[in-house]
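Chains Y and L supply the protein sequences, listed in that same order.
Take the first sequence: its letters are residues 1 to 112, numbered as in my numbering.
Take the second sequence: its letters are residues 1001 to 1114, numbered as in my numbering.
Just so you know, the hints here were simulated from the structure itself, not pulled from any lab data.
Errors might be hidden in some of the hints.
Below are the SDA-like pairs computed for lysine to any residue, each with C-alpha atoms no more than 20 Å apart in a straight line [unchecked claim]:
(1) Y:K61 / L:S1101
(2) Y:K68 / Y:D8
(3) Y:K61 / Y:K99
(4) L:K1044 / Y:S26
(5) Y:K61 / Y:V13
(6) Y:K99 / L:G1051
(7) L:K1044 / Y:S52
(8) Y:K68 / Y:S52
(9) L:K1009 / L:L1111
(10) Y:K99 / L:V1050
(11) L:K1044 / Y:L46
Here are some of the chain L residues that sit facing chain Y, going by a computed Cβ distance under 7 Å [as the list claims (entries may be wrong)]:
(12) G1040
(13) M1041
(14) G1042
(15) L1043
(16) F1095
(17) S1099
(18) N1107
For every residue, glycine included, the Cβ atom is placed at its ideal position computed from N, Cα and C.
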Amino acid sequence: AQSVTQPDIHITVSEGASLELRCNYSYGATPYLFWYVQSPGQGLQLLLKYFSGDTLVQGIKGFEAEFKRSQSSFNLRKPSVHWSDAAEYFCAVGGSDYKLSFGAGTTVTVRA
Amino acid sequence: NAGVTQTPKFRILKIGQSMTLQCAQDMNHNYMYWYRQDPGMGLKLIYYSVGAGITDKGEVPNGYNVSRSTTEDFPLRLELAAPSQTSVYFCASSFNRPSNSPLHFGNGTRLTVT
């Protein structure tokens, strides 16, 4: 069965500082990996995705993520956080079927 | 372009009541999904549909029903509401399978069953 673990429930970061959100997955084959962001009161929006090829993927809003097969990880990073990055972030894993499995989410608070 | 529209935004139900959560998309997507989001649990797939007339169960289908008579609409039905169904419900759609195209989410319906 596929699953996703996001070890950090809540992270607080200063504006301008770097951010890294952890994601570990379990999947029996080559996974498709995603990061989604949810702003308060909104639905989720896709930040980036990994299917194959280059293990460092770039997304929207200045985010990037690195796929490490040996560690079953897909961590999300941003070099310099803006106040508008305060949101909840979800990692998801899927295969070639119709189902995505989401992690429990990490809430990011940005302090001035 | 409205995207994915969910109604209502909020609803309070008494135990045993029934209701339908509405979901409509105007992007001509074939694939549609219903998720529920509970604190600390992430999103769980309730039902999904790969086209009009075709639906299938997700991870947590018990207590829910769906139909897909048109490409645009994918309503979710709760027949006998229970407190365990208190949650935030999200409808989503995609052009192709999630592995090939992103999910577009509605803004959610917050349901409380008391």
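Name the hints, by number, that the structure is in violation of.
Result: hints 3, 7, 16 break, sorted rising.
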